[in-house]
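Now for the letters of each chain:
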Amino acid sequence: MAVLPAISPGTKFLPGDVFQGCSEPFTFIERIRCRWTVDFADPLTSCTDEELLDRFREGQTEAFGELVRRYERELYGYLRRYLGNGALAEDVFQNTFLQLYKKIEQYEPGRPVRPWLYTIATNQAIDALRRQGRHQAVSLDEKREISANGEVRGLLNLLEEQGEGPESRLEGEELREKIRASVDALPEVMKQVILLAYYQGLKYREIAEILGIPVGTVKSRLHAALVKLQKAWRELSLREV
Amino acid sequence: MEENLVGYLLDALEADEKAEMEKCLREQPEMRNQLELLRRALKPLEVDREQPEPPTGLIWRTLSLVAEERCRPVRTAGLPAVSNRSIVAQSFWRRADVLIAAAILLCVAALIPPGITYVQFLHKRSGCQENLRVLYSAMRSYADHSPDKSFPHPADSIDEEHNVAGMVVPILYENGFLEKSFRPHCPGNEQKPYAYPSIEELCSMQPDDFARHARRIGGCFAYSLGYWEAGKHHAHRYEQNVRIPLIGDEPPADVMLGNANSSNHGGRGQNVIFTDGHFEFRTTRILEPDDDIYLNRWHQVAAGVDKNDAVLGASGVPVK
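Going down the list, the sequences are from chains U and C. Under the working numbering, think of the first position of the first sequence as 1, with each following residue one higher. Under the working numbering, think of the first position of the second sequence as 242, with each following residue one higher.
It should be emphasised that the hints constitute simulated quantities derived from the structure, not laboratory data. Yeah, the Cβ is synthetic: ideal placement off N, Cα and C, and Gly gets one too. Any given hint might turn out to be false.
Said to hold, decoys possible - With a cut-off of at most 25 angstroms between alpha-carbon atoms, the simulated PhoX-like pairs for lysine-lysine come out as follows:
hint, chain 1, residue 1, chain 2, residue 2
1, C, LYS390, C, LYS473
2, C, LYS284, U, LYS228
3, C, LYS473, U, LYS191
4, C, LYS390, C, LYS561
5, C, LYS365, C, LYS284
6, U, LYS231, C, LYS421
7, C, LYS561, C, LYS548
8, C, LYS390, C, LYS421
9, C, LYS390, C, LYS548
Unchecked claim - Pulled from the structure, derived: some chain U residues nowhere near chain C, Cβ distances all over 12 angstroms:
hint, residue
10, GLN132
11, PRO187
12, LEU222
Given the sequences, and given the hints that come with them, work out the whole structure.
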């Protein structure tokens with residue numbers, strides 16, 4: 001039985017190996033667990049997303065795990081808000097990376113990974129909602145409302161007339177719940193752009209790529225979403241008076 | 242233009258559009274007013290800006306699913322042809338299942354980056370939560386025995402010179418609410434073993450000696466610094482349905498700069514227990530807009546400016 005020095009990057013495990021610094025001989029799983037819990041500089045953490053996918057395609061399998069870790073909070077957060085359900089968000093998160101893995105051969109080297117990942121996640125989320133019968137197709141009326149600039153009242157005009165916001169009447173958890181509910185109540189196409197632009201901090205161009213729509217449409221959907229939110233918050237403030 | 246103003250506010254514009262917008266904003270005061278109006282209009286969304294916490298083990302489960310896909314050829318290759326020999330087939334299936342499980346485990350292991358410390362992070366976070374719960378339970382018992390339900394507060398019983406946040410721990414020890422073997426310790430922030438002096442010994446130390454001990458007595462946790470009301474300093478009290486931060490992970494070393502999280506958990510966030518016993522691992526130290534758990538509303542490491550302004554201070558911070 002070989003006794004190996006403390007675990008270091010590149011250490012290979014063989015059946016029966018025992019590692020120094022550990023009180024008991026390891027089982028196979030314990031060895032893997034111990035390997036994870038060793039802190040050392042990891043060159044993968046300094047790679048860009050695109051480099052990680054390149055490396056994964058070249059056979060460095062752990063690059064995939066780094067990508068999952070990197071997007072865990074961000075993408076789960078997006079899906080949790082989009083779907084409004086933690087368990088569904090978790091399923092869609094997992095399926096997103098499964099699809100990424102399956103589509104890896106389609107990846108063109110150098111293509112930005114972030115919008116691609118969001119595209120997969122959004123499509124997976126839409127599929128999940130469709131399976132639950134919750135997906136909203138965009139109605140013609142809605143399209144007209146969003147695209148016809150003349151018919152949508154200017155957001156600024158609305159704001160100039162607007163009194164105090166809901167935060168003047170509500171606070172804490174109650175305010176948070178009401179705000180979340182008002183975003184959830186938006187038509188799906190508007191909610192998508194609010195989530196991607198405001199909560200995920202993506203550029204108009206990236207959102208357009210993710211949703212497969214022109215940049216102008218992203219801007220008008222966001223604008224329409226903000227008008228709807230202002231109206232909802234106004235009603236909320238009046239109701240709380 | 243209105244849409245680009247929104248885009249500017251959300252940082253959603255490309256570099257050239259942003260530069261053009263900045264030029265317009267410099268030249269047109271009216272546009273600056275409009276920007277301010279839009280900023281105020283978006284403000285309500287801020288209350289829900291914090292990303293939801295992913296469930297524990299999400300990376301694990303995701304990689305297992307991908308690993309299963311990677312190992313799929315193994316499964317199909319291992320499937321036996323239809324056989325009438327059910328006993329043999331059953332035994333083979335069990336073996337095949339074990340082999341598949343082992344193959345999946347190998348695939349998952351291969352997908353995990355070697356530097357990943359996620360498992361370690363979860364382990365340390367839960368160890369820290371456990372210690373904070375023990376501490377809260379002792380503080381709550383103290384409050385239940387106190388006539389006005391006040392949580393232990395050094396300012397109530399220790400002279401001004403020795404009145405630091407971490408004194409809560411020796412107070413709990415000496416009043417019998419906390420086992421003397423307990424250490425206020427977060428596994429994410431390894432500290433050398435420390436032998437606790439008594440309150441009497443601490444209060445009779447020279448200033449330099451005391452300062453050294455003051456930083457250690459509270460371990461790597463932070464404690465409520467109380468609040469001011471009508472010119473008087475007060476400790477927070479236990480009240481049902483009132484949720485104010487009481488203890489948590491210690492603040493980062495550069496608490497006044499930016500809004501970095503505690504270093505106990507690699508900067509990912511901090512555990513906080515509130516006066517009502519509610520527990521959270523918060524990924525940001527900002528509870529609500531303009532409510533930093535490590536600073537009061539005047540951006541000082543000092544007691545809150547009113548009852549709702551809770552501040553958690555590191556062990557050696559004076560309670561005032």
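*Non-conforming hints, listed in increasing numerical order*: 3, 5, 6, 12
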